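A.B. asks: Heads up: the sequence lines are chains A and B, in that order. Residues 1 to 402 in UniProt numbering are what the first sequence spells out, letter by letter. Residues 1 to 402 in UniProt numbering are what the second sequence spells out, letter by letter.
One or more hints might be untrue.
If chains are identical, the list can't say which one is meant, so a pair holds when it fits in one copy or spans any two.
[As the list claims (entries may be wrong)] With a straight-line cut-off of 27 Å between C-alpha atoms, the simulated DSS-like cross-links for lysine-lysine are:
1) Lys-208 to Lys-329
2) Lys-62 to Lys-15
3) Lys-128 to Lys-62
4) Lys-186 to Lys-113
5) Lys-208 to Lys-220
Honestly, the hints are just simulated from the structure, not real lab data. As the structure is a computational prediction, the values presented were derived from the model and not from experiment.
2 protein chains.
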Amino acid sequence: MLVVKKFGGSSVANKERIFNVAGRCAEEYQKGNDVVVVLSAMGDTTDELLDKAEDINPNASKRELDMLLTTGEQISVSLMAMALQAMNIPAISLNAFQVQMHSTSRNGNARFKRIDTDRIQHELGNRKVVIVTGFQGVNKYDDYTTLGRGGSDTTAVALAAVLHADQCEIYTDVEGVYTADPRVVKNARKIEEITYDEMLELATSGAKVLHNRSVEMAKKYGVELVVRSSLNTEEGTVVKEVVKVEKMLITGVAADKNTARISVIGVEDKPGIAFKIFNTLSRNNINVDIILQSVGREGTKDISFTVSQDDLKEALAVLEERKQALTIKDITHDEKVAKISIVGAGMLSNPGVAATMFESLCNSNININMISTSEIRITVLIDEKDADNALVAVHDGFGLED
Amino acid sequence: MLVVKKFGGSSVANKERIFNVAGRCAEEYQKGNDVVVVLSAMGDTTDELLDKAEDINPNASKRELDMLLTTGEQISVSLMAMALQAMNIPAISLNAFQVQMHSTSRNGNARFKRIDTDRIQHELGNRKVVIVTGFQGVNKYDDYTTLGRGGSDTTAVALAAVLHADQCEIYTDVEGVYTADPRVVKNARKIEEITYDEMLELATSGAKVLHNRSVEMAKKYGVELVVRSSLNTEEGTVVKEVVKVEKMLITGVAADKNTARISVIGVEDKPGIAFKIFNTLSRNNINVDIILQSVGREGTKDISFTVSQDDLKEALAVLEERKQALTIKDITHDEKVAKISIVGAGMLSNPGVAATMFESLCNSNININMISTSEIRITVLIDEKDADNALVAVHDGFGLED
Numbered sequence: 001m002l003v004v005k006k007f008g009g010s011s012v013a014n015k016e017r018i019f020n021v022a023g024r025c026a027e028e029y030q031k032g033n034d035v036v037v038v039l040s041a042m043g044d045t046t047d048e049l050l051d052k053a054e055d056i057n058p059n060a061s062k063r064e065l066d067m068l069l070t071t072g073e074q075i076s077v078s079l080m081a082m083a084l085q086a087m088n089i090p091a092i093s094l095n096a097f098q099v100q101m102h103s104t105s106r107n108g109n110a111r112f113k114r115i116d117t118d119r120i121q122h123e124l125g126n127r128k129v130v131i132v133t134g135f136q137g138v139n140k141y142d143d144y145t146t147l148g149r150g151g152s153d154t155t156a157v158a159l160a161a162v163l164h165a166d167q168c169e170i171y172t173d174v175e176g177v178y179t180a181d182p183r184v185v186k187n188a189r190k191i192e193e194i195t196y197d198e199m200l201e202l203a204t205s206g207a208k209v210l211h212n213r214s215v216e217m218a219k220k221y222g223v224e225l226v227v228r229s230s231l232n233t234e235e236g237t238v239v240k241e242v243v244k245v246e247k248m249l250i251t252g253v254a255a256d257k258n259t260a261r262i263s264v265i266g267v268e269d270k271p272g273i274a275f276k277i278f279n280t281l282s283r284n285n286i287n288v289d290i291i292l293q294s295v296g297r298e299g300t301k302d303i304s305f306t307v308s309q310d311d312l313k314e315a316l317a318v319l320e321e322r323k324q325a326l327t328i329k330d331i332t333h334d335e336k337v338a339k340i341s342i343v344g345a346g347m348l349s350n351p352g353v354a355a356t357m358f359e360s361l362c363n364s365n366i367n368i369n370m371i372s373t374s375e376i377r378i379t380v381l382i383d384e385k386d387a388d389n390a391l392v393a394v395h396d397g398f399g400l401e402d
Numbered sequence: 001m002l003v004v005k006k007f008g009g010s011s012v013a014n015k016e017r018i019f020n021v022a023g024r025c026a027e028e029y030q031k032g033n034d035v036v037v038v039l040s041a042m043g044d045t046t047d048e049l050l051d052k053a054e055d056i057n058p059n060a061s062k063r064e065l066d067m068l069l070t071t072g073e074q075i076s077v078s079l080m081a082m083a084l085q086a087m088n089i090p091a092i093s094l095n096a097f098q099v100q101m102h103s104t105s106r107n108g109n110a111r112f113k114r115i116d117t118d119r120i121q122h123e124l125g126n127r128k129v130v131i132v133t134g135f136q137g138v139n140k141y142d143d144y145t146t147l148g149r150g151g152s153d154t155t156a157v158a159l160a161a162v163l164h165a166d167q168c169e170i171y172t173d174v175e176g177v178y179t180a181d182p183r184v185v186k187n188a189r190k191i192e193e194i195t196y197d198e199m200l201e202l203a204t205s206g207a208k209v210l211h212n213r214s215v216e217m218a219k220k221y222g223v224e225l226v227v228r229s230s231l232n233t234e235e236g237t238v239v240k241e242v243v244k245v246e247k248m249l250i251t252g253v254a255a256d257k258n259t260a261r262i263s264v265i266g267v268e269d270k271p272g273i274a275f276k277i278f279n280t281l282s283r284n285n286i287n288v289d290i291i292l293q294s295v296g297r298e299g300t301k302d303i304s305f306t307v308s309q310d311d312l313k314e315a316l317a318v319l320e321e322r323k324q325a326l327t328i329k330d331i332t333h334d335e336k337v338a339k340i341s342i343v344g345a346g347m348l349s350n351p352g353v354a355a356t357m358f359e360s361l362c363n364s365n366i367n368i369n370m371i372s373t374s375e376i377r378i379t380v381l382i383d384e385k386d387a388d389n390a391l392v393a394v395h396d397g398f399g400l401e402d
């Protein structure tokens with residue numbers, strides 16, 4: 001059996017934790033299995049490297065930032081190989097060059113194009129634990145790239161796909177995927193099984209346990225994911241195509257506070273203007289989420305939409321620059337908002353889910369500003385200060401604790 | 001004009017020094033020259049990484065140690081590229097994979113086999129300052145290697161050779177090569193020009209300013225070296241094939257305290273035994289320096305020789321293990337010794353140099369234990385406590401301050 005195990009930065013933050021992870025890998029290896037381990041940089045290493053870069057040049061090229069950042073994972077994989085060797089387990093560390101993890105050329109946000117398996121297969125054939133740097137690739141110019149947020153998860157899923165691994169385990173500091181953030185909702189319940197689509201909706205709705213890119217890739221290549229804790233041996237959550245029928249209308253609730261609302265006021269009410277506005281944003285790589293359009297005064301309209309807080313500054317600048325061309329009279333924004341989403345394949349065949357959600361929020365005196373839905377998700381925009389209460393109210397409203 | 005500049009770890013130890021180096025490179029670039037920069041890891045980075053490895057596994061494989069250590073230079077080259085970019089100088093950093101610096105496979109002590117110039121030429125053609133990781137190579141298995149001591153100097157010389165550079169500048173924290181260590185001999189004089197052979201003898205005799213491997217390579221490929229300070233713009237010392245005749249008998253004096261004497265006592269006086277002893281040591285990669293053989297009691301002989309202090313432990317172990325086969329009765333050693341060497345092409349045609357040296361030492365009451373000579377070098381072994389006095393005495397004896 002071939003198992004890919006991914007451990008995040010906090011799981012390898014110090015000597016003790018490195019040996020904890022090495023122990024988990026050794027156990028798997030001693031069962032006779034082939035083991036590929038994907039690691040992030042140790043603890044806060046990536047942030048420390050970013051600080052160094054910021055200190056030297058706040059506008060450093062992304063190519064050089066990636067050259068700097070990729071050292072982080074190379075340090076953790078080599079130390080992990082040494083830890084395994086100290087336990088008499090043959091091990092070898094490999095970086096993106098050595099594996100040949102080909103990516104697109106976009107520094108800071110690259111995507112995998114092709115991953116060679118020869119070197120890894122060769123080392124597995126020699127009965128070595130193979131430890132691979134997460135988060136990084138090499139582009140066609142032979143330059144390092146990084147994959148952006150959730151990059152190491154993506155590396156693990158991609159390796160599981162090309163190696164036809166029997167299992168891909170994503171180790172985190174929680175025991176799995178929960179019906180809601182257990183730090184906020186005390187009676188949140190660990191989910192045993194969840195479909196790719198539900199996980200995808202939860203991930204894009206603010207659940208931080210898995211990044212949506214890795215789930216997308218897992219779905220595309222049919223890689224069964226297990227999300228579990230690096231600190232204990234609990235079962236964790238399995239993410240796969242078809243799950244056992246659990247009689248739950250919805251699978252989970254998520255809050256996303258990293259969101260901001262922008263309103264463009266007094267836009268000319270003629271065809272194509274809305275398209276132009278969103279096209280302008282999308283060409284600047286700004287993702288727009290919930291959109292609400294309302295009729296304004298004197299034949300104009302107002303359009304509100306949400307963006308990630310990280311993109312707010314740039315979105316405002318881009319709109320301000322093209323204000324006249326886009327016939328915008330005024331631009332306002334609000335950072336003190338949050339999205340609350342419920343996700344579940346069950347809502348496909350059950351009307352009334354939205355009503356239950358709105359009722360729960362209403363009973364807790366929480367005002368809904370905007371609404372957006374997909375087939376298996378309903379998202380509402382509320383004031384940020386209400387976010388935690390809303391999460392509890394909706395979780396209770398659907399009886400998710402049982 | 002193509003210039004290769006090499007800066008050591010202390011020259012890039014912090015932000016201020018990084019910008020100092022970037023300034024030197026920018027100046028060269030703005031003259032219209034092509035600039036290739038070779039860097040070591042920042043400050044104590046390499047030692048810190050070694051400490052981390054030691055903490056995880058004191059017997060870590062050299063392959064993984066090299067994987068770990070090579071991150072050090074990658075950090076310094078990427079930060080240097082950012083610093084140059086901050087000064088609006090186009091710059092790109094490259095590691096051993098990206099350049100394709102092929103080395104032998106021996107981790108921790110590799111040698112260059114072949115260096116591709118395509119990528120560097122391409123980037124120079126785009127008018128970029130190219131910043132290359134020193135100290136590292138890639139072997140035929142696509143694994144990182146490191147070059148051992150003086151590795152970054154070797155990288156600089158090797159690049160200067162394959163790129164046919166017009167100049168190879170080795171920047172240090174001293175202004176050049178001196179007639180003796182200026183910290184010990186106050187009136188030591190900076191040498192303007194020195195031949196490869198003299199530099200080689202000085203380097204192997206304890207002068208730390210250049211490593212002998214880089215000088216050997218410079219000689220082999222006719223790369224003219226300039227040793228100068230990264231802190232000021234003084235001229236420095238030029239190392240080349242033929243130098244202007246300066247009427248000096250000897251060029252410099254060096255002391256080497258990193259030496260130890262081993263004596264094997266009571267060895268059978270028959271042919272081949274001495275050969276076997278030194279062959280045993282050489283097969284364990286232990287370099288033997290001064291050798292002295294004397295007649296012992298009852299048809300036996302005693303052989304004394306010096307090794308580097310780093311090799312002492314292993315040398316003693318190796319000899320102890322084969323004590324019987326090598327007919328050794330007893331093994332003694334002394335770490336409290338030092339070598340004092342005088343070097344100079346002038347001594348070839350001038351008898352009496354040795355006499356002047358011995359006289360200077362005798363006048364200072366310094367006892368000579370062993371003597372060794374080459375065509376352009378005379379080395380004596382003395383007590384370590386006398387080393388500084390000996391350096392001053394010999395420097396004065398030859399009037400090197402003028």
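A.B. asks: Evaluate each hint against the coordinates.
C.D. replies: Hints versus structure:
Taking CA atoms no more than 27 Å apart as the test, Lys-208 paired with Lys-329 passes in neither setting, with 37 Å inside one copy and 71 Å between copies. Proximity of Lys-62 to Lys-15 under the C-alpha cut-off of 27 Å is restricted to the inter-copy arrangement: shortest distance 19 Å between copies versus 31 Å within a copy. In the homo-oligomer, the alpha carbons of Lys-128 and Lys-62 lie at most 27 Å apart only across protomers (16 Å), although the nearest pairing inside one protomer, at 34 Å, exceeds that limit. When the C-alpha separation of Lys-186 and Lys-113 is checked against a cutoff of 27 Å, the pair qualifies neither within a copy, at 42 Å, nor between copies, at 63 Å.
In the homo-oligomer, the alpha carbons of Lys-208 and Lys-220 lie at most 27 Å apart inside one protomer (21 Å), although the nearest pairing across protomers, at 59 Å, exceeds that limit.
Hint compliance for this structure: hints 1 and 4 are not met, and every other hint is.
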